[in-house]
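Protein chains in written order, with this note's numbering: chain A, 1 to 421; chain B, 1 to 321; chain C, 1 to 463.
Wrong hints could be hidden among the right ones.
Below, simulated DMTMM-like cross-link-like pairs (lysine to aspartate or glutamate); rule was C-alpha separation at most 25 angstroms, straight line [what the hints assert, rightly or not]:
1. A:333 x C:142
2. A:191 x A:201
3. A:333 x C:138
4. A:263 x B:317
5. A:333 x C:143
6. A:263 x B:316
7. A:333 x C:72
8. A:333 x C:122
9. A:415 x A:399
Please keep in mind that the hints were generated in silico from the structure rather than gathered at the bench.
As the structure is a prediction and not an experimental result, all values here were calculated from the model.
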Amino acid sequence: MRGRPLLHTTYESDQALLNSGTKKLMMGLFLVLLAVIPFFAPGTIGQEGSLPGPDFLAAGDWLRLLSTVGIYAIGALGLNILTGLAGQVSLGHAFFMGLGAYTAAVLGAPEGPLWGLGLPMWVWLPGAGMVAALVGIAVAPTATRVRGLYLAIVTLGLVFIGEYLWRNLDFITGGSQSGRSHPEFALRLWKEETPLIDFSEDGSWFGVLNVSREAKTYFFILALTIAVVLLGKNLQRTRSGRAFMSIRDRDIAAEIMGVNEFKYKTMAFAISSFFAGVAGALLASLVGRTIPETWNLFLSVQFIAIVLIGGVGTVSGVILGTIFVILLPRIVKDFTEWVEGVVESGDGLLASVFDVFVSTGPGDFGLINTSAGVAPGLGIDQLNLVIYGLLIIGFLIFEPLGLYGIWLRIRNYWKGWPFTY
Amino acid sequence: MPELVVFAQASAISPAAQALVTGLSLGSIYALLAMGFVIIFKSTQVLNFAHGALATLGAFLVAVFATTWDIPGRWIPGLPEWASWALAALLALLVAGLIGVLLERVFIRPMVGEELFAVAIVTLGLDIVLRTILNDFIGVSARPLGDPWGTQLIDLGWVRIAYTEIVQFAVTITLVVAMAFFFRTRTGVAMRATAFDQEAARAQGIGVGRIFSLSWAIGAMFAGVAGVFLSIHPRGPAGVTQQTAFFAFAAFPAIVLGGLDSIVGAVVGGLIIGLAQAYSGLLPWEFLGSGFGGVVPYIVMLAVLFVRPHGLFGTEEIRRV
Amino acid sequence: MKRKARWLAIFLVIGLILAACSPSESTDTTEEPTATTEGATDTTEATTDTTEATTDTTEGEMMDIATDIGVDLDAGTITIGLLTDQTGAFSPLVTQINTGYEAYWANVNANGGIHGLEVVLDFADTAYNGEVHVQLFEELKDEVVAFGHSVGSPQTVAINPGLQEQGMLAIPLTWYSGWSDPAYNSQVVAHGTPYCIEAMNTIEFMVDDSGIDSPTIAIASIPGDYGLDASAGAKLAAEALGLEIVYDGAGAIIPGDPTSYIEVGNAIAEANPDIVYHTGIPWIGWPEVYTQAVITNGLEALWSGASPSWGPTYVAEDSGIRDEITRDFYWAAYYQPWAGDSEGAATVRDVMTAAGAPPSDFYGEGFIEGQLLFQALNIAYENGDMTQAGVLAAAKSIESVDYNGLAPSDSYVGEPNDIVQRVVHMMRPDPNSETGSKLAQADYTSPTAAAYVFESACFELAG
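The shape of chain A in the complex, shown without the other chains (with noise of 0.2 angstroms):
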């Protein structure tokens, strides 16, 4: 069958998660990217950064952006179950998000002022999905009586309910504006002192490698994702996964061929809000601390808008969307403040061009501002904001399909290259 990598004679080939030599080869080299990244920010590996590598890669900040990167899209593929796979439009990821966080700090965190069993992580991290998903199961009745946008609404409401809910649940949360610590990523079997591996600090594995904590973090956080890849891709080619996809497409002829609506509505809840569990006790983690108003309606929002922008009911998608949302903001602060130096430096033709955009005080007109918020026009994180914005916009007004039928569409062109149909 050389050659022909689009036909397939048996049906497990077909069904195969990388079912052609290009897609094997390309995840391949995705994988083998991801595994050395951390080897090209000095100070990871060996006493100064074994490896000479682009600069831009190196500093320890960057690898936590990937961590926070890999722990989003975990998130992100829960709600890909629920929104992309079963139809069910959800804007309470965040409350489920929060649950696993504080789930994860009763179960993880040392005992102290605050609610804390001190357990080791193997027991909080799932302990969060399942506390998230039983909550899940818990609201889906009301969750299934509604329909479509009636749904989006009542989802809604349960992140301001959240919102109420931590308030004032101090003796767990801290409080408003106060916040509280949480559980750190370490392995332990069970409460001894020194931890297996310890995640949050630097040290050595195996006694040769020297590695830094962020690039611990981030190798576990890419453990972690890649499983939640596999499980999120797998779902899709078993009867519940189908089952979703039939309740989306048209939930009475569903319920007539007999898929028991109710049934594989409430599973998809309880699966998505796994994910935002265990994604809402790795991000509580990551940061350290956080406060209650964490978990607003915003970050669903930002739930929502990864999954649009990567391409609805994709995996692959999904992780798209939310490298590009996460690392947009990073971006866009970098590439002005390089267009802030052009112009400040003056000379040649780029800084006349920019110059036109570009206030950097009062009375210079112009459409950014770089000068800290006194000068005309939109700072930097408001441009941010506007161009997320106008993202979501574009991308549902002109495609659909996100990230992902880009891709499509670039995959389409160089199938029939030089031809165009």
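Given chain A, put chains B and C in place with the hints provided.
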């Protein structure tokens, strides 16, 4: 300053009666927001998450027209203050309506025929963009609207009613009545026909696109009126701020409560939510903790939806295979 | 598709042009201060003359100075990071502090900098969000020698482990009483009077000033370290002075939730206290609560709140509560206002006027933070150790900061009870003054505040 230390005796205000005034005042703002929202939803099937931003837009424009620019007062010398303010507010709200039309034309029209959910998310993106740009204009502190009523009030002894609250009730009732009449006019009937079935309406020669624009204009103006009342005494004595938009979220339960597509439902839902919030403050239970009034709308909404999945007055969805 | 694109493009262009034209409150504040501070040089010598003696250091001495991050001797720069709030809940206040801070360093740089080294500021906007705060800390910690300020107590506590690991200094821009707690204070030098002590001063001053016999008090605040620390201080003061607390709404005002404003305003009025200590944010909810109690319910009482509760807009010309606030309100500031009589306050006026900034009381805070770091950097230079750890050690060795009367001197050597700042200036509103405020009594320490044994935070940030 010895006169400072002479304090009044405890006032004999009845908490229950005062809560009624507060509840009606909150409720009429919710009702205004909900009505604008339902008008948009009925005729264009768009769940408008940017409604809070539209409310802020209206209030901000009033602040600019009435205080910063003094338009049209600066051209008409000798105009009494209240008339000058009312004209400025009217003009500002018309501009807000025009911006509503523009937004619909640019961002919503291309989405005709797409899934309702996708369109709703477009408005979520629109909300982010609008609010960010508005926040840049409003600046970090509040912008006063310069209304002529200030903090004056009528003291009946057992209850106190602010002038602005009376204006608020009057405006809300006027607008409800005006909408009732509007739906009997030729354009109103066309709008109802569009809401009922867009394609059939089109076949009857109704300019559906025009109806879309009109409904967004009305929706944006209603939101703007609500925004104005949110930015003057007693709800927002300091003026319009970056926070004003968030108030609109509490109007969502009001809309769902009444039913997404019912104007009567919007008014009733708004009043129920407002009164529930005001009276929740009188509950004696300590364990409810702080900020319970903020979640009352959602709890009422969940309770009603559990019994009636399409709200109190919403149309039952008829679904075919 | 073409039509869609055209409409979108038209809209975007209009929107962005509008945004570009957007007025900004303080348009004329950012005249590059370096260019305009010449005129003010003579008045600021007081602040900078500590360097005069050592400014003419030779190249040879320069070479002996140890540096690691953020100090570049070849380029002659010192980079300071600021984890600031330019778009979040406290931005109206913090942006003005930043304006003062920028002007302060522009002035220092124009007068020889730190032994000839120019100080460069790197502002990072956290929007008062913890997650962003930590991420920006991670980005800046390998670029700057110290953090000139870090806005928000929970956020600053969140970066504490990172600061410890890095061994660097941050100056918290919060007046939380917990900075003396050993769990938090290894990396920070706090400045100013904590909210808790401030409340004791204010309440005792109000009781004395009004002459009311055994007054009653109502306490209300927003949640969080700021509101609850202030409320804790108010309760301690009430206990010490024997005031009856007729309403306790500590943490009951939820920013952004209008119903909580109404509830708390009604509850305060119903309790009918003589004094209200109400801590909140001037642009999110504070005037609403005040209006509900005083205008709607007709309460007459003396009002106060921790110093950030005060907003000059309360007594602005079109404010509906101008007369009532002027009648009722007191607050405490630990540094002198714009019209202050000290040499330090005069410096602030001169530098800011020369920079074209409109009068405001809040620039003083920027100058104080600046002066504190200025002194730390000078000591670090003289110790020959301008590493991150060196600057931290230098700051921790400061026994008195010379603010030239702008604020009482701070010290970082000694027991918490001995070094905690207890002095404030009592303030009253004055609609006729340039900044809406006037000094009621300078350098005030109430007997309660003086007698209070300060061991740990009044309000503990849990775990």
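Cross-check of the supplied hints:
Taking the CA atoms of residue 333 (chain A) and residue 142 (chain C), the gap is about 17 angstroms. The hint holds against a cut of 25 angstroms. Of the pairs offered as hints, the one joining residue 191 (chain A) and residue 201 (chain A) holds, with about 18 angstroms between alpha carbons and a cut-off of 25 angstroms not exceeded. At roughly 15 angstroms between alpha-carbon atoms, residue 333 (chain A) and residue 138 (chain C) fall within 25 angstroms of each other, so this suggested pair holds. For a cut-off of 25 angstroms, the pair hint linking residue 263 (chain A) to residue 317 (chain B) stands: about 22 angstroms separates their Cα positions.
Simply put, residue 333 (chain A) and residue 143 (chain C) have alpha-carbon atoms about 16 angstroms apart, close enough for the 25 angstroms limit, and the pair holds. Under the criterion of a C-alpha separation no larger than 25 angstroms, the hint pairing residue 263 (chain A) with residue 316 (chain B) is consistent with the structure, at around 23 angstroms. Distance hint between residue 333 (chain A) and residue 72 (chain C) is fulfilled; the C-alpha atoms sit about 24 angstroms from each other, no more than 25 angstroms. Restraint check: the Cα-Cα separation between residue 333 (chain A) and residue 122 (chain C) comes to about 13 angstroms, which is no more than 25 angstroms; the hinted pair holds.
A distance of roughly 20 angstroms separates the Cα atoms of residue 415 (chain A) and residue 399 (chain A); the hinted pair therefore holds under the 25 angstroms criterion.
In summary, this structure violates none of the numbered hints.
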